[in-house]
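Now that you have both chains on their own, put them together as the hints suggest.
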Amino acid sequence: MSDQDFDVVQRILGGQKRAYSDLVERHKDKAMALAMRMLKNRHDAEEAIQDAFVRAFNALPRFEWKSSFSTWFYRIVFNVCATNLSKKKDEFSVSMEEDEDRPLELPADEPTPDIAYESSEFQNIVHGEIEKLPHAYASILTLFLVQDMTYDEIVDVAGVPLGTVKNRLFRARTMLRDAVLEKMKETGGVRKERVA
Amino acid sequence: MTHLTMTQILQYVDGTADYASQAQCTSHLAVCERCRREAELHKKLLKAGRQNPYKTSPGFIERVMPRVAPQPKSSWATVILNNLANIFSMMLVLGILGYAISLKSGFKLTENPEYSAMTKIFTDAYAKIKQSAGEQTHQISVKVTPTSNKTGKLVIFSLLALLTLGVVDRFVVRRIIKTKL
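Protein chains in written order, with this note's numbering: chain A, 1 to 196; chain B, 1 to 181.
Same shape as in the complex, but just chain B (with noise of 0.2 Å):
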């Protein structure tokens, strides 16, 4: 029997073979073993080679990208307006700590009696005002606390744990991105 050649068996494989030769080919398939195992053979490299191996890797856009399309530089109010809520949590997080560490360290409250008595004098008219009224008045504590160590002593904390935060941005985070990039 006379085999199909490889020509014909990769034409018939690849569809690209005209009507004549397909029919041909197809008649000589369904009794020759040789040829039909080679015919499946190739059908089964094309389906496997047709699967692409290769993923460039991750990041690579974000390195294209620069190269024909660089991003405006952000002014600095642009990027303070990007990281407002970033800001805002810094604080919110600095606010707590600062306050519980002013707790722990035994920093306390003090009356002053200057201002008790103001406060005093204040709600006693108020609440004369609201008996003229004919309503049930109720008592109005307010503590007026001196602030001026406390604040200071926050202000400089503030500053030292933005800065700290600060130079672990600057030195750690943006190390740590770049590596992963």
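Chain A extracted, bound-state conformation (with noise of 0.2 Å):
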């Protein structure tokens, strides 16, 4: 993908700027992934990735390939979503307690259920408790799943240190754990048990 996104650069840079739409073509989709579990909103997500595509083609001629085209847009993305929720006052930062470096152990004392994955409900009810993850989870575990970012381009993108990173995706992925359970439980997804 790297190397497509390249030639399309370097078309654009040498005054095809209709190639751009191909750059479109590629990233809208996965950027509104980000967007959207980041505003919450899909007017404003469409809106903000807009505006970042806009200001990543008029940043292209300054861009240095210090990391992959996907790595730099996604940065503006996430950026441009961060202003539209520091601009309607909306939490964004996770407290330090939340950040701290804890163990994370499995529950002591229940059993994980049997879950009727193949279930059609099962990955709609996964994307539904994904978005109901504060903005700081949802972000970094969206770009982890969705953008398929190891940790160091997670680093690169939400610029946070890299223990914040971990520490926050290993929690995102324990909520949305139980929240799935949870939402299993009550909708009947959940096999009768196996094992004592």
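Mixed in with the good hints there might be a few duds.
[What the hints assert, rightly or not] Computed list of lysine-lysine pairs in DSS-like fashion (alpha-carbon distance at most 25 Å, straight line): (1) A:LYS183 - A:LYS88; (2) A:LYS132 - B:LYS43; (3) A:LYS185 - B:LYS47; (4) A:LYS166 - B:LYS153; (5) B:LYS153 - A:LYS132; (6) A:LYS185 - B:LYS55; (7) A:LYS166 - B:LYS130; (8) A:LYS132 - A:LYS66; (9) A:LYS40 - B:LYS55; (10) A:LYS183 - B:LYS44; (11) A:LYS132 - A:LYS28; (12) A:LYS40 - B:LYS44; (13) A:LYS17 - A:LYS88; (14) A:LYS40 - A:LYS66; (15) A:LYS28 - B:LYS120.
[To be verified] A few chain B residues that don't get close to chain A, going by computed Cβ distances all over 10 Å: (16) LEU10; (17) LEU29; (18) LYS44; (19) LEU46; (20) ALA77; (21) SER89; (22) GLY152; (23) LEU159; (24) PHE171.
Worth flagging that the hints you see were computed from the coordinates, not collected in a lab.
Beta carbons are placed, not taken as given, at the ideal position from N, Cα and C, and that holds for glycine.
Right, dumping it as structure tokens:
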């Protein structure tokens, strides 16, 4: 993908501005995922990624390929969304207490229930519960899952230390696990226990 | 039995654990139903979470591109050239319609005796030349009709039709296109 992005960027810088539509086509839906998970509103998310695409286009001549185009572009999307959130005086940061490096253990007494994963509801529940996570967790989880980024790339995009990324990611996944299990119990997606 | 930590399970599921930890997890999961279920749950969460349920609305690219690379404004000549096929199609349809209407409204072709006499002279002369050349002749009959009245009606009709088409295009079609965007 990065090779394709490189070729397209070279064409744009060579004067073929209309080639930018290839980059927009390639990244718009994943950018939409990140914006939706941060802004929680379709209209705001589309506005934000339109702004991000325009900013990225204007900044292309200054892009030095120190990272891949996608990492650089998602950093712009992330910053635009974070700015929108701060304008709305929405909570984006999480407390220091939440960022503490605590060991993450399995819940002590409660065995993991058997889930009907094949149910069509499961995927919808997972996406619904990710949307309910706080912005700071949902955004990092989305970069990890949808953008398929490494920890280092997430550090680059979100501008937070590696330890914080790891901690937020693990916490987000734990919160998601608990929320999905709770929802599956409510909707009857948990199978009868196989083992005592 | 000591269970695996959440960190160990997530690293195992992600494939980011080192070789020793991965081997330890594998052997533990072989004997521990609880940890195995937990690992399975996280694998499924990972798979489901990787699907992207979001798509931008239709026409997103068309809304972004004018902001980064605006199309140069076309001159009237370019617009006409680009729409040449449409213009010809419209003229053809209008011509057929006009002809049909003129027939229905009893607009009949009349024969002008002066023109008929002249054409008879020419056709007779042509027949004599053909005969002298030893070829078989055939009668040619040409009807020349006065056109001034018909042409006037057609011009007015065509102008009115073009005006209607223009108004429909300007105020209806473009509004529909904008609504779709």
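We went through each hint and held it up to the structure:
1. A:LYS183 - A:LYS88: violated (30 Å)
2. A:LYS132 - B:LYS43: holds (20 Å)
3. A:LYS185 - B:LYS47: holds (20 Å)
4. A:LYS166 - B:LYS153: Violated. A:LYS166 to B:LYS153 sits at ~82 Å, over the 25 Å cutoff.
5. B:LYS153 - A:LYS132: Between B:LYS153 and A:LYS132 the Cα gap is close to 70 Å, so the pair fails against 25 Å, i.e. violated.
6. A:LYS185 - B:LYS55: Given that 25 Å is the threshold and the Cα spacing comes to 29 Å, the pair is violated.
7. A:LYS166 - B:LYS130: With a Cα-Cα distance of about 103 Å, the restraint between A:LYS166 and B:LYS130 is violated, given a limit of 25 Å.
8. A:LYS132 - A:LYS66: The hint is violated at about 34 Å.
9. A:LYS40 - B:LYS55: holds (14 Å)
10. A:LYS183 - B:LYS44: This hinted pair holds, its Cα atoms lying about 15 Å apart.
11. A:LYS132 - A:LYS28: holds (22 Å)
12. A:LYS40 - B:LYS44: This hinted pair holds, its Cα atoms lying about 24 Å apart.
13. A:LYS17 - A:LYS88: violated (34 Å)
14. A:LYS40 - A:LYS66: violated (31 Å)
15. A:LYS28 - B:LYS120: This hinted pair is violated, its Cα atoms lying about 77 Å apart.
16. LEU10: About 6 Å separates B:LEU10 from the closest Cβ of chain A, which leaves it inside 10 Å; violated.
17. LEU29: Check passes; 12 Å lies beyond 10 Å.
18. LYS44: violated (5 Å)
19. LEU46: Violated: least Cβ distance 7 Å, not greater than 10 Å.
20. ALA77: Label holds. Min Cβ-Cβ 22 Å, cutoff 10 Å.
21. SER89: The assertion about B:SER89 holds, with a minimum of 29 Å to chain A.
22. GLY152: Nearest chain A Cβ is 49 Å from B:GLY152, so the label holds.
23. LEU159: holds (39 Å)
24. PHE171: holds (28 Å)
Hints 1, 4, 5, 6, 7, 8, 13, 14, 15, 16, 18 and 19 from the earlier list are contradicted by this structure; the remaining hints agree with it.
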